[in-house]
Amino acid sequence: MKLFRKTPLAWRQLMKEKTRLAVAVAGITFADMLMFIQLGFESALFDAAVKPHRNLEADLVLISPQFQTLFSVKSFSRERLYQALAYDGVQSVNSVYIGTGQWRNPETRLERAILVWGIDPAKPTFKSPETKQNQHQLKQLYQVMFDQAGRPEYGTVADIFNKTGNFETELNSIGIKVKGLFTDGASFAADGNVITSDSTFLQLFPERQSDRIEVGLITLKPNADPEKVRSQLSAGLPKDVRVLTPEGFAAVERHYWETGTGIGFIFGLGTAVGFIVGIVIVYQILYSDVSDHLPEYATLKAMGYTDRYLLGVLLQEALFLAVLGFLPGFILSFGLYQVTYAATMLPIFMKVDRAIRVWILTVIMCSFSGAIAMRKLRAADPADVF
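For the sequence shown, full-length UniProt numbering gives the first residue as 1, with consecutive numbering after it.
Keep in mind the hints are simulated off the structure, nothing from the lab.
These numbers come from a predicted model, not from an experiment.
Any given hint could be a false lead.
To be verified - The list that follows gives simulated cross-link-like pairs (lysine-lysine, PhoX-like), each with its CA atoms no further than 25 Å apart:
| no. | residue 1 | residue 2 |
| --- | --- | --- |
| 1 | K127 | K221 |
| 2 | K139 | K163 |
| 3 | K301 | K74 |
| 4 | K51 | K351 |
| 5 | K132 | K221 |
| 6 | K127 | K51 |
| 7 | K51 | K123 |
| 8 | K132 | K163 |
| 9 | K177 | K132 |
| 10 | K127 | K228 |
| 11 | K228 | K239 |
| 12 | K123 | K177 |
| 13 | K74 | K127 |
| 14 | K139 | K123 |
| 15 | K74 | K51 |
| 16 | K127 | K139 |
| 17 | K351 | K301 |
| 18 | K163 | K51 |
| 19 | K301 | K16 |
| 20 | K163 | K177 |
| 21 | K123 | K221 |
| 22 | K16 | K51 |
| 23 | K74 | K16 |
Could you put the whole structure together from the sequences, leaning on the hints where they help?
Here it is as structure tokens:
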């Protein structure tokens, strides 16, 4: 009940100076938007980077120990896959080639880097239904499937293919035909993706050796324990390969972008800057409010109200500011996410956990500012009133 008796005082303090309130809300909104954008880009980076890893049709994955990112892949001997077949619990194996090619936009004649996946068309490699339905089209040489969620600079591939059922261009200066579409999306490592057969891949990259692959896919028998088999393979296979689950494979990519580059630090720094900006703005507003009403606060202290009560009033003001600033920040950030997705094709969307995280940061930001402003309030001497 005490809380409700305090609330009108805090609310009326804020509403008395509407211009000051508007400035405070705008400042908190800006700080929240800054945090939303930084956290959103960071999440989009990681989600886009690991989406292909999680889409692989496998229970276990073989990679080179030097593998860090799809942007710069490392190969290993295909023989390791055949050796894995000898272990209990392994049902089948599959291999994947990965390389970066140059896609030519037939309309502008400009080339752009694109990630090329070479697979066996007769074996399931990706979980996506689009790929499974169309990968039989890749059995002929120089046939590819195109990522329709890639950057628009590759050309109006999806539109033309959907209208005509055909699209021809060049990849690494070799003529190819698009025979299907799938959806993966752009990432910081690649602006788009192309899937082709292993035979076509070796034609597109003639310097590559057919017995050197980038990813090995292992399918286990129905009752096999993935972790047990993984441990056996790790112990038995030579150390020139690393055995991971698909999620562990995704974690390698995520770790690279999070710690191996400055991107993770930059986004974290941007979030921290937004948090600090919010603290400064709220502190200035509350400090100004206390300074302007110092005689009134001194009168309340003379009437017997304690510093604890007055701190409660300041914290309530801070929480009101948190709510009033968070709501427009959330709505505007939601709209900016949509604009950013349309412009960059990165999977940047509002997530519940991120909204909760920013809300908690906003409450901490405002409460901390209120606690700092309390130092000025403690200076309110009842003797000053008389």
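Could you grab the alpha-carbon distance between K132 and K221 and see if it respects the 25 Å cut-off?
Holds, at about 21 Å.
Below or equal to 25 Å on CA atoms is what counts here, so check K74 against K127.
Within the cut-off at roughly 23 Å; holds.
Could you grab the alpha-carbon distance between K127 and K228 and see if it respects the 25 Å cut-off?
holds, 24 Å
Taking 25 Å as the top limit, are the C-alpha atoms of K139 and K163 close enough?
holds, 23 Å
Next pair to validate is K139 with K123; report whether the Cα-Cα distance is within 25 Å.
Distance of about 11 Å is within 25 Å: holds.
Please work out if K16 and K51 have their alpha carbons no farther apart than 25 Å.
violated, 51 Å
Hinted pair K51 and K123, Cα distance within 25 Å
Distance ~20 Å between K51 and K123 Cα, so the pair holds.
For the pair we were handed, K301 and K74, check the Cα-Cα distance against 25 Å.
Violated, at roughly 71 Å.
Keeping to a limit of 25 Å between CA atoms, is the pair of K74 and K51 held or broken?
Satisfied, since the Cα-Cα distance of roughly 19 Å is no more than 25 Å.
Quickly compare the C-alpha distance for K123 and K177 to 25 Å and report which way the hint goes.
holds, 21 Å
Measure nothing beyond the straight line between the CA atoms of K163 and K177; if it is 25 Å or shorter, mark the hint as holding.
Given pair K163, K177 holds - Cα atoms ~15 Å apart, limit 25 Å.
Are K127 and K51 close enough, with their CA atoms no more than 25 Å apart?
holds, 11 Å
Checked against the numbered hints given earlier, this structure breaks hints 3, 17, 18, 22 and 23; the rest are met.
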